[in-house]
Each structure stands twice: as structure tokens, then as C-alpha cells.
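These protein sequence lines are chains G and H, in that order. The first sequence lines up with residues 1 to 335 when you count with my numbering. The second sequence lines up with residues 1 to 127 when you count with my numbering.
Careful: at least some of the hints might be erroneous.
[What the hints assert, rightly or not] Taking lysine-lysine pairs in the BS3-like style, the calculated list, with each CA pair at most 25 Å apart, reads:
hint, chain 1, residue 1, chain 2, residue 2
1, G, Lys125, G, Lys309
2, G, Lys327, H, Lys65
3, H, Lys65, G, Lys332
4, H, Lys48, H, Lys65
5, H, Lys54, H, Lys100
6, H, Lys100, H, Lys110
Think of the hints as simulated: they come from the structure by calculation, not from any bench.
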Amino acid sequence: MYTQAMDTAGKADDGQKKLRSTEEVELQRRFDERIDDGQFIEAKDWMPDHYRKTLVRQISQHAHSEIVGMLPEGNWITRAPTLKRKAILLAKVQDEAGHGLYLYSAAETLGTSRDEMLDALHSGKAKYSSIFNYPTLTWADMGAIGWMVDGAAIMNQVPICRCSYAPYARAMIRICREESFHQRQGFEALLTMMQNGTQAQKDMVQDAVNRWWWPSVMMFGPPDDQSPNSAQSMRWGIKRVSNDELRARYIDAAVEQAKVLGVTLPDPALKWNEARQHHDHGPIDWSEFWRVIGGDGPCNRERLGARVKAWDDGAWVREAALAHANKQATYKEAA
Amino acid sequence: MTDHDSKVDETPSPGQGRAGEGTSHVPPPAAGAAGTEWPLWEVFVRSKSGLDHKHCGSLHAADPKMAIQLARDVYTRRQEGTSVWVVRSDQIVASDPGDKAMYFDPAEDKVYRHPTFYQLPGAVDHM
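Isolated chain H, as found in the complex (with noise of 0.2 Å):
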């Protein structure tokens, strides 16, 4: 389950099917033998009202309707949240595991975008 990305890239290969690769990605179409599988959906719980929805998993469903009936049965069987998202997986963009690097790392050594980076006199530090 919950991976949210998990649909999204079907035969995760080097530089083959990566999700959020521009517009040429195709879902792909529902699998097994007769093609007949539900689509998968990806499940965002809140769990309670003022916190945001989460990703808590992944389930097969025939629509809308019944994605958000199943994802109450499958993933709030003990009062884990107070309403639900559901989005078709094949739906989600997502970012590259290979540009982690490219896109993430620049953000380290910006130590100043931290309030921490200064130090102001005792008098006034709880600024």
C-alpha cells in the first residue's frame, strides 16, 4: 500500500515510465488477464478537523462512490479519521526519485531561511 506514487510508475526502471516525466506518461490501463481490474485509488484520512489530509494507503474501486465507502471500511476502522479524500492513482504526478538530488539538496546549506541562524541578545531572543 501507501505508497502515493505507487500506481503511478508501473515497471520503476532506470529512465523508463517515471512518473511526472512531462505529458507522454500514459496511465496504464487496468491490468490482469481480462482487463477487467478496478483502477487503484490513492486514500487521504483526516484524522481530525483542523489537521490536513494524509496518505494512509491505496485501494481498488469501480468509482468514485464506492472508493470513498471502501476507503471508510478499509482505513478508518477505528475512528483514524473525521473525512476522506480519494484520488485515482494514475492521477498523481509525481517528482523523480533520480532528480532527488537536483531538487532537494540545494535547500541544505540555506541554513539562514532558519530562525535559528541568529543570535539576538537575551533580552529580546524570544523573537
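For reference, chain G alone in the conformation it holds in the complex (with noise of 0.2 Å):
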């Protein structure tokens, strides 16, 4: 899952340096030329440093958003109500593992350390999809976390498996085939309380659907008027589709979804808009993104807290395995 257009750093100036020399305006012209003609850029190519800049933070932030959201997940592992849920559920958690080392590797392509990575997590520097820093208080929230949340990313990430960056579209090719199954199973379980459970349960999931429908419209990033760096992210082929046109084919979609399902989406004024083909939506509360972005989400301590554990608690094992490979390395010299 889960990239986000987040736009928050990349300041103006690193992309604005002066081209040293007429070898760098030829190796310049001949990148935009590749691009423009829709061709692929791979790791040892030369490419603008802020092009390079760009999609470490972008990959690496993705990267940290499917480790993160492993926690969310996680706390319900052992308390699924069915051993067919607890395998699906270790299945998915596992997928996320995966893609965020899938997607660490394409970083490092870039001349980044998966160390350098990591402390920026660690540090707090780097920002992860927003959407983690929400708890999951039922189980109901497995299902609306699949459906909607899952739902999102992968409306987000298709698009970039056409990405300018080759390894990272790769990256994201074999993310996107094994993301098709997260959406449907959390549907699928939301699907099975809907129409065979208790009123409770019915309950249960139209609460847990009331809680993530914001936060999961918000997983497209900011408004386009209000993302002062995808102008130049389209331009270089990184981003394929405005994060406004994201958001409302995901609303398109999510509402008829919603309907099968038997569930209510928490806005009014939602609405279908024949002139627009989308439907209109109510008011989002920006401020609530960039609080939680910014720190003071309903978990961001928490989650921060228990990777930044994993890290510490883990670092004698991996100093001994190192240690290990070392010493099987010298007798294998001696020998």
C-alpha cells in the first residue's frame, strides 16, 4: 500500500541551482529528451539531482509508510475471530513487509543506504502515509483498512507503475499484483458481517467505515492548487495523475462499492455531478492532515515509538549475524 502525496519537502532551491557546465546542459537535454519521449530512466543514468532527491524521498517515505503500517494490522493478529482470517491477515502483514523492502532496494539504486533510511524514519525526518497514525479499535477495521484504505493506495499506485524511474515502477508492478487481494479480502470481510452478522456487527462496521472514510479521502495529498511540487513530479514522468483526479475517481468508486456493501459514506453532501462526471464531495479538514502529518496524529508516538524499539531491540541480532558471516568468512580464507 500506500504511497501519499505529501509535498512537503523538497524546497524550491535544491531544483534551482545553476548548471555548471555545457556537459551537464547536454547530459540535461538529453534526460528531458528521454523523458518527454516517454523512455525510462535507470539506476546508473544520469539525471538531475533533484530528480534523484525527489524519488529517494518519495520511494523511501513509501517504503516507511508499508513498515508502519504493518503496526495498525498487527494488533489485530492474534485476536482475528477465525484461523482463516489470522492466516489471511499474516499473509497481508507479511505483503507490506515485502513491499517495503521491495521498495528500500529501488531507493538505494538512487545512491541512498537503507541505514541512512531508516534513521530518517527513526529521527522523525521522514514522513510516512498519514493514515497509520489512526488506532484500529475493532475488527471491523481490518476489513474497512482493506477495502478503503488498501482501496486508496491502489488507485494511487497504479499510476506510478509507469513511472520515468524504472526500478521503482518495477518496484511498484509487483506491488500492485499482490495489493489486489488486500482490497478484496477486507471487503470481503466487511461483506460477510453485512449480511450474516448481528446487528452489533453491522454496527461495527459502519463505525469503523465513519472513521476511515476522512482519513482515506485525505491519502491523496493535498489539493492540486495547494501542491506546490507535483507540477514539476508530472513534468519529469513521476507522477502520472493529479492527486485531485485521484481522489475523486477513489470517491467514484468507493460510493458504489458502499452501496453493495450496505454501508452509509460519513458526507452529505455527497452527490453525483453530472457536469464534473465525479461526484462532489463535503469540505475536508486540512488541518486535521497536517496535524497528524506533522506529529500530533491520534498515534504518531506510538507508532514511531514501536519501530524505533524493533530497531534498537534488534540490533544485537543483527551485530551477530554480521560477526558470524565475518568469522565463517575468515575460516573459509584459512582453510
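Taking the hints as your guide, dock the two standalone chains into a single complex.
Have a look at this one:
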């Protein structure tokens, strides 16, 4: 899951550096030509510094989101209602770990190291998707996350499969292939409760939908007119579809799916707009979004604390494994 | 992930540190503040018997055994493979993207290397 267009970093100045030499001007010209021609950029190809930085930021944020995203769902593994649901949830959480690893590797091709990225996460310098700073209060939240949060993630991620940076695009293709299961299992879990459940279970589903709707809608990032870096990312083929366009597609799809499920979406202003060919929706509370991104969501400290603890507690394992490997290598040399 | 030359070239800028540029290329030391990062491995998966191993991504592991184990977990969760190879990323020698035209373009105008270049009478065209 879970990239998010946040446009929080990347000040204009690192993009506006003066080109230094005629050689660099020529390289830049060839790079632009390839982008315009729809070609892919590979790890060792020349690329502008700002392109590299933008990608490192986006891909590492995306990777962090996958890893932090394991926490809210991991919370329910031991409490899944049946063995079947437990096996499904385990598989899904394991997928998120895999997705994080694909993405860290993709970012590393740009010359950053795994430890640098993790350090940025643990020190609070790097961001991750705002959605994981909300709590998972009931079992229905597992279904709602699958249906709504993974649904939003898929909408976001499919266009990135055509990203101009090939290692990222390849990682996204692999991820999208696995992601569809995530959304479907969530919808099916909710549908089971809505069709065969008690009134209390149905109420639980509706409550989960009510709580996850707005945070899911926010996953597409700020409105286009407040996304100063979007235009450059579009120009470079890193971003293919704008935040508002993706959000509109998501809402249109969700409205239909909610009908099948038999739940309502908590926005009285939702209404089909024939002229726009999209649903109109009520105002989004962007102050909440910025608050959560900025570190003051309901679970920010808990999430980051859990990551840092896992990393610190695992330090002796990482060191021991490396010491063992070095020792084995020494024996081999001596033999 | 996935670029098979991913970590071969740490700082890809023109004329500097290109992989495959003679024997002077020194593998980058394990990165990270304390120099304790596990080395990077490239992963190749054979999707079914009879087919080639194909590059599918990379991962960090302390030693070969762990690399194989992690490759199984990270890249074959859905029966994507029947066999995996891993190789240290710093052991891969790759061609230089700057040499792409010089290396590969000369094959472009040698159409006579393809069977379709030869027009034969219908009676023997299945040849």
C-alpha cells in the first residue's frame, strides 16, 4: 500500500541550482528528451540532482509507510475471529513487509543507504503516510483498512507503475500485483458481517467506515492548487495523475462499493455531478491532515516508538549475524 | 529494488565510479553510520523448471544462507519460483550506460542476421 502525495519537503532552491558546465547542459537536454519520449531512466543513467532527491524522498516515504503500516494490522493478528481470517491477515501483513523491502531496495539504487533511510524515519525527519497514525479499535477496522485504505493505495499506485524511474516502476508493478488481494479480502470480511452478522456486527462495520472514510480520502494528499511540487513531478513522469483526479476516481468507486456493502459514507454532501462526471463531496478538514503529518495524530508517538524499539532491540541480532558471517569468511580463507 | 546493477554504482555521475570500468572498481564498503549494514544481494528466481533464472530484486543479508532464506520469503510468497540464486551486488560487473550506443547499436543495421531477411519461394518458405 500506501504512497501518499505529501509535498512536504523539497524546497525550491535545490531544484534551481545553476547548471555548471556545457557537459551538464547537454546531459540535461538528453535527459529531458528521454522523459518527453516516454523512456525509462535506469539507476546508472545521468539524472538531475533534484530528480534524484525527489525520488529518494518519495520512494523512502513510501517504504516507511509499508513498514509502519504493519503496526495497526499486526495489532489484530492474535485476535482475528477465525483461523481463516488470521491466516489472511498474517499473509497481508507479511506482504506489507515485502513491499517495504522492494521499495527500500529501489531507493537504494539512487545512492542512499538502508541505514540512512531508517535513521531518517526513526529520527522523525522522514514522513510516512498519515493514515497509519489512526488507531485500529475493532475487528471491523481490519476490513475497512483493506477495502478503503488499500483501495486508496491501489488508486494511487497503479499510475506509478509507469513512473519514469524504472526501478521504482518495477517495484510498483510487483506491489500492485499483490495489492488487489488486500482490498478484496477487506471488502469480503466486511460483506460477511453485513450479510450474516448480528446487528452489533453491522453497527461495528458502519462505525469503522465512518472513522476511516475521511483519513482515506486524505491519502491522496493536498488539493492540486496546494501541491507546489506536483507540477515538477508530473513534468518528470514521477507522478502521472494529479491528487484531485485520483481522489475523485476513488470517491466514485467507493460510493458504488458502499451500496453493495450496505453501508453509508459519512459525508452528507456526496452527490453525483453530471457536469463533472464525478461525485461532489463535502469539505475535507486539511488542518487535521497537516496535524497528523506533523506528528500530532492519535497514534504518531506510539507508531514511531514501536519502530524505534524494534530497531534498537534487534541491534544485537544484526551485529551477531554479521560477526558470524565475518568469522565464517575468515575460517574459509584460512582453510 | 530490482535494478540488477543497483548497488554496483553508488554515486552514479558521469565519469565517476562506473561499474564494469576495469578492475579498479572497489566495492563500496558497507554503508551506514556505524558501518554495520548487512551487504546487498541480487536475487534471481527460476519461475518453473526448464526456464532461466531471472533477476527480480535485491535484499540485505549477513551471509549466503540468510540471503537464500530471505529471498524465498521476500520474492516467492506466491509460488513465483522453484529455485533462487543470490549473488553479492558488489560482485556484479555491468556494462556502462555511456557505452550503450557503441556496444549495442552496431547490431541495428545487420538485418541479414534474421531469418526474415531472406525471401524464399512459398513452397520452401517454412524453412
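Q) What are the numbers of the hints that this structure violates, sorted from low to high? A) none
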